[in-house]
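> Sequence:
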Amino acid sequence: MTDTSAHTGKIPATVITGFLGSGKTTLIRHLIENAGGRRIALIINEFGDVGVDGEILKGCGVESCSEDDIIELANGCICCTVADDFLPTMQALIERDIPPDHIVIETSGLALPKPLVQAFNWPEVRTRVTVDGVVTLVDADAVAQGRFAHDEDALSAQRAADEMLDHDSPLEELFEDQLHCADMVVLTKADLVSADALEDVRRNLTAHTRPGVHFVQAERGNLPADTLLGLGIAAENEIEHRHSHHDAEGEDHDHDDFDSFVVNLDSVPSAEVLAQRIASLAKAEEVYRVKGFVPVEGRDMRLLVQAVGPRVNWHFDRAWKEAEPRAGRLVVIGASGFDRANAERILKGG
1 MTDTSAHTGK
11 IPATVITGFL
21 GSGKTTLIRH
31 LIENAGGRRI
41 ALIINEFGDV
51 GVDGEILKGC
61 GVESCSEDDI
71 IELANGCICC
81 TVADDFLPTM
91 QALIERDIPP
101 DHIVIETSGL
111 ALPKPLVQAF
121 NWPEVRTRVT
131 VDGVVTLVDA
141 DAVAQGRFAH
151 DEDALSAQRA
161 ADEMLDHDSP
171 LEELFEDQLH
181 CADMVVLTKA
191 DLVSADALED
201 VRRNLTAHTR
211 PGVHFVQAER
221 GNLPADTLLG
231 LGIAAENEIE
241 HRHSHHDAEG
251 EDHDHDDFDS
261 FVVNLDSVPS
271 AEVLAQRIAS
281 LAKAEEVYRV
291 KGFVPVEGRD
301 MRLLVQAVGP
311 RVNWHFDRAW
321 KEAEPRAGRL
331 VVIGASGFDR
341 ANAERILKGG
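Under our numbering, the residues of the sequence shown are numbered 1 to 350, in order.
These are computed hints drawn from the structure, not numbers from a lab. Here the structure is a predicted model, which means the values were calculated and not measured. Be aware that one or more of the hints could be misleading.
What the hints assert, rightly or not - Distance ranges between label pairs, derived from CB positions:
| # | residue 1 | residue 2 | range |
| --- | --- | --- | --- |
| 1 | Q91 | N237 | 13 to 23 Å |
| 2 | N121 | S336 | 24 to 34 Å |
| 3 | N121 | D101 | 16 to 26 Å |
| 4 | H214 | P269 | 44 to 54 Å |
| 5 | W122 | S194 | 12 to 22 Å |
| 6 | G298 | N34 | 32 to 42 Å |
| 7 | N237 | A323 | 20 to 30 Å |
| 8 | A323 | G298 | 32 to 42 Å |
| 9 | E199 | A323 | 49 to 59 Å |
| 10 | G298 | N264 | 19 to 29 Å |
| 11 | S280 | A327 | 16 to 26 Å |
| 12 | N237 | R299 | 43 to 53 Å |
| 13 | I239 | S267 | 42 to 52 Å |
| 14 | G350 | N222 | 12 to 22 Å |
Cβ coordinates follow ideal geometry from the N, Cα and C atoms, glycine included.
Turn these sequences into a full structure, and let the hints steer you where they fit.
Written out as structure tokens, the structure reads:
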């Protein structure tokens, strides 16, 4: 594939999207640690008030991607704040004395990628930046378990089994929109499913991708930079071919189907206890994602927690800094209307 940015002189930008917990931050961390000398600037967008993903990436310590090269947009979902946040950020990057070699944009797990790609046609950036490609991450293990059933027969079977099933789930539409816009689909957590199940996942997802979209597998975000970068798609030039469930809405849409808030924690007895609380929360409320940093009693290291439903991943990422308040903050994202008070009570062990 020809890298069009090399011929146009434009800075290539890669949009990395994917549902909550699909592994976007892990993939990007591996990418910047193995960038092969490329100067990469990152734009990180999160749904919620705590910049967890940016904090994770700032801990990489990679010379070619300093903390000044990591820009967080936390004023809302990036596809809703293009004019207010994204475009000024892009202009500031491309007007630097030494502009980046490549820009990587990590969208919120709740973002629609199409409005973001459309923004690259704005006059302020069109002559300077091009969309090298849209990379959509999919949790293969979740799909293998039927969490997003695209197959009509399978959906009918679920309807027969559960008359309360929401057939027009906003999560399902969002998931499909991210696939419709993809130039490459990265199957994460593929090591957790059998070869036959993985092939079924590929076959089901192919029904919702455009012809020629490649599927690759990644374990713990391990993909070569040359696989992700240099696709040369110029996606902004073919935006009309990227179908979205929200096309009829024009550029306006909202996220009223989702809700998020922050739970403040002084400390927890152990990582295992917090993981149990999060698993209990996933059973009690329709919560999709919990992520953040928490102090653990008797430990000098900061605990990083990232959970998708009842599945909880955690590790101690670094020591607390000397002047840093040892305060825990967890972002909780779920269906609109879930019981915040109950969620906070469960996470605090009440």
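> Each hint: holds or not?
To see whether the hints hold, each was checked on the structure:
1. Q91 - N237: 13 to 23 Å: The hinted range 13 to 23 Å holds for Q91 and N237, with Cβ atoms some 20 Å apart.
2. N121 - S336: 24 to 34 Å: Check passed, 32 Å falls within 24 to 34 Å.
3. N121 - D101: 16 to 26 Å: Cβ of N121 to Cβ of D101: about 22 Å, so the range 16 to 26 Å holds.
4. H214 - P269: 44 to 54 Å: holds, 46 Å
5. W122 - S194: 12 to 22 Å: violated, 45 Å
6. G298 - N34: 32 to 42 Å: For N34 against G298, whose Cβ atoms are near 35 Å apart, the range 32 to 42 Å holds.
7. N237 - A323: 20 to 30 Å: Given about 49 Å between the Cβ atoms, the range is violated.
8. A323 - G298: 32 to 42 Å: violated, 21 Å
9. E199 - A323: 49 to 59 Å: At 52 Å between Cβs, range holds.
10. G298 - N264: 19 to 29 Å: Holds - the Cβ-Cβ distance for G298 and N264, about 20 Å, lies within 19 to 29 Å.
11. S280 - A327: 16 to 26 Å: holds, 23 Å
12. N237 - R299: 43 to 53 Å: holds, 51 Å
13. I239 - S267: 42 to 52 Å: About 48 Å separates the Cβ atoms of I239 and S267, which means 42 to 52 Å holds.
14. G350 - N222: 12 to 22 Å: Given about 40 Å between the Cβ atoms, the range is violated.
In this structure, the hints that do not hold are numbers 5, 7, 8, 14, in rising order.
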